[in-house]
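Enquirer: The lines below spell out each chain.
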Amino acid sequence: MLIDWFTVAAQALNFLILVWLLKRFLYQPILQAIDGREQRIVNELADAGTKKAEAQKDRDDFQHKNELFDQQRASLLSKATDEAKAERQRLLAEARQAADALSAKRQDTLRNDAKNLNQAISRQIQQEVFAITRKALMDLATTSLEERLAEVFIRRLREMDVQAKECLAEALKTASSPALMRSAFDLPVEQRTAIQQTLNEIFPTDPSTPHGTSIPVRFETAPDLVCGIELTTNGQKVAWSIADYLASLQKGVDELLQDNDKGESKPSSEPKLQVKPETKPEVPQPEAHSQ
Amino acid sequence: MQLSPDETVFWQYGFFKLNATIAFTWGLMLMLAVGSKLITRKLSTELQRSRWQNLLEIIVTGIETQIEEVGIHHPRQYLGFLGTLFLFVASASLCTVIPGYEPPTSSLSTTTALALSVWVAVPLFGIEEQGLGGYLKSYVEPTVIMLPFNIISELSRTLALAVRLFGNMMSGAMIIGILITITPFIFPLVMMALGLLTGMVQAYIFFILATVYIAAATRTSEPKPAAKT
Numbered sequence: 001m002l003i004d005w006f007t008v009a010a011q012a013l014n015f016l017i018l019v020w021l022l023k024r025f026l027y028q029p030i031l032q033a034i035d036g037r038e039q040r041i042v043n044e045l046a047d048a049g050t051k052k053a054e055a056q057k058d059r060d061d062f063q064h065k066n067e068l069f070d071q072q073r074a075s076l077l078s079k080a081t082d083e084a085k086a087e088r089q090r091l092l093a094e095a096r097q098a099a100d101a102l103s104a105k106r107q108d109t110l111r112n113d114a115k116n117l118n119q120a121i122s123r124q125i126q127q128e129v130f131a132i133t134r135k136a137l138m139d140l141a142t143t144s145l146e147e148r149l150a151e152v153f154i155r156r157l158r159e160m161d162v163q164a165k166e167c168l169a170e171a172l173k174t175a176s177s178p179a180l181m182r183s184a185f186d187l188p189v190e191q192r193t194a195i196q197q198t199l200n201e202i203f204p205t206d207p208s209t210p211h212g213t214s215i216p217v218r219f220e221t222a223p224d225l226v227c228g229i230e231l232t233t234n235g236q237k238v239a240w241s242i243a244d245y246l247a248s249l250q251k252g253v254d255e256l257l258q259d260n261d262k263g264e265s266k267p268s269s270e271p272k273l274q275v276k277p278e279t280k281p282e283v284p285q286p287e288a289h290s291q
Numbered sequence: 001m002q003l004s005p006d007e008t009v010f011w012q013y014g015f016f017k018l019n020a021t022i023a024f025t026w027g028l029m030l031m032l033a034v035g036s037k038l039i040t041r042k043l044s045t046e047l048q049r050s051r052w053q054n055l056l057e058i059i060v061t062g063i064e065t066q067i068e069e070v071g072i073h074h075p076r077q078y079l080g081f082l083g084t085l086f087l088f089v090a091s092a093s094l095c096t097v098i099p100g101y102e103p104p105t106s107s108l109s110t111t112t113a114l115a116l117s118v119w120v121a122v123p124l125f126g127i128e129e130q131g132l133g134g135y136l137k138s139y140v141e142p143t144v145i146m147l148p149f150n151i152i153s154e155l156s157r158t159l160a161l162a163v164r165l166f167g168n169m170m171s172g173a174m175i176i177g178i179l180i181t182i183t184p185f186i187f188p189l190v191m192m193a194l195g196l197l198t199g200m201v202q203a204y205i206f207f208i209l210a211t212v213y214i215a216a217a218t219r220t221s222e223p224k225p226a227a228k229t
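Going line by line, the protein sequences match chains A and B.
In this text, residue positions in the first sequence follow UniProt numbering: the first is 1, and each later residue adds one.
In this text, residue positions in the second sequence follow UniProt numbering: the first is 1, and each later residue adds one.
Don't read these hints as lab results, they were simulated from the structure.
All values derive from a computational prediction rather than experimental measurement.
Ideal Cβ positions, reconstructed from N, Cα and C, are used throughout, including at glycine.
Any given hint could be a false lead.
Straight-line distance between alpha carbons at most 27 Å, and here's what the computed BS3-like set of lysine-lysine pairs gives [claimed, not checked]:
#1 A/Lys135 x A/Lys52
#2 A/Lys23 x B/Lys137
#3 A/Lys251 x A/Lys115
#4 A/Lys52 x A/Lys65
#5 B/Lys37 x A/Lys57
#6 A/Lys251 x A/Lys237
Examples of chain A residues lying across from chain B (beta carbon under 10 Å, computed) [as the list claims (entries may be wrong)]:
#7 Phe6
#8 Thr7
#9 Asp35
#10 Gly36
#11 Ala95
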């Protein structure tokens with residue numbers, strides 16, 4: 001008999017014990033380890049998913065902020081540009097105003113300078129004219145300037161037209177005070193006498209007057225008369241002065257300066273472009289050395 | 001010449017006896033239990049783990065996958081019983097490389113014991129899953145006429161399980177024994193290698209058949225899972 005029933009029973013029991021032992025020592029621990037690891041992997045995957053979602057969210061946030069920042073930057077930049085443009089316009093206007101003011105001031109200064117220069121020139125000319133005249137007269141003749149003045153005055157008196165003479169004679173006659181003879185400098189006695197004689201000669205007086213035939217004349221020095229000499233009596237005046245010449249000279253100089261000023265203040269319109277015909281570039285020719 | 005290790009009796013007291021089959025079975029049990037205990041003593045749930053743990057995980061998950069592929073939806077419920085069947089038969093045949101060892105599965109008593117275990121376990125699992133009525137009803141399906149055939153099938157397949165395993169294991173050991181007496185060198189080694197292969201195949205067949213019986217007994221109206229390729 002191949003089957004031993006005791007052995008069958010024992011083997012069945014052994015098998016059941018082995019099932020229990022392997023369940024206890026093999027399947028449960030191994031399956032638990034596998035489950036633990038799977039759980040761990042699932043957790044890690046879930047964690048990674050969460051982190052990925054968070055990262056995606058952070059990335060979206062960051063992008064959104066970035067876009068916002070770009071927009072803000074662009075708007076700020078455009079605003080700053082506009083402000084800078086406005087500031088530039090304002091500064092330019094200010095600078096233009098300042099330049100205009102400075103230019104006007106400069107023109108005023110130039111005008112004043114010209115005026116002062118005119119005055120200085122006229123004074124200088126006056127003095128120079130005196131000096132030159134004096135020197136010329138001294139050089140040309142033995143007579144002094146005073147003598148010439150007196151001579152000129154006397155000649156004028158003589159050359160007066162009839163109507164003027166009558167007016168002056170009338171004035172001399174009716175004068176209650178002596179005629180006033182004013183000159184820029186003291187007339188020497190000869191000249192005084194000459195003038196007195198000439199007056200007596202031209203305007204013969206009535207010998208019955210208290211003064212007799214002589215016309216009463218009072219000589220006076222008046223430095224404000226510019227190298228002149230004048231006779232005043234009872235509202236009538238006969239005068240000769242270099243001031244007239246000086247006045248005309250002054251007028252001439254002023255006109256000249258005004259012309260210059262106009263020339264300065266009104267510059268000729270835009271410089272004209274000069275169109276020159278195009279010239280062919282010159283080809284440097286070797287110099288022919290002629291012996 | 002002895003056909004079964006049952007015939008080698010070390011100790012006997014009346015009905016009780018200690019023969020080579022029981023002794024070798026104990027040895028295998030000791031080896032499996034202690035080996036498992038040693039390896040699973042420090043299991044790691046980390047991604048890094050020892051190669052022994054890897055080996056055991058491959059074996060256990062492999063068995064689990066096989067059970068599931070047969071059509072059982074909760075393989076872990078039957079893993080203890082079916083997995084132990086496979087591991088015991090497989091280790092019994094693998095240990096034939098040890099000189100002086102005789103596989104306990106070459107004893108008809110052992111294979112009968114295993115077949116009886118399956119014979120008892122199948123209705124128990126079936127009743128547990130479908131209830132007593134549901135399980136008994138499966139005997140009269142599709143018609144009552146099938147009842148005797150179903151009962152015969154139940155008995156015959158148990159007998160077939162026992163005899164198939166015994167025949168293969170016993171013949172393997174027998175062939176090697178005969179060959180060693182005829183050609184002591186080289187050729188018995190080839191036959192031993194072939195014996196290892198047939199041993200593994202037999203372990204797989206025994207395990208798969210038991211799984212199929214249990215799957216048939218526990219089949220409920222649950223939807224079939226998608227067939228795996």
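Enquirer: Tell me, which hint numbers fail for this structure?
Expert: Per hint list: 1, 2, 5 and 11 violated.
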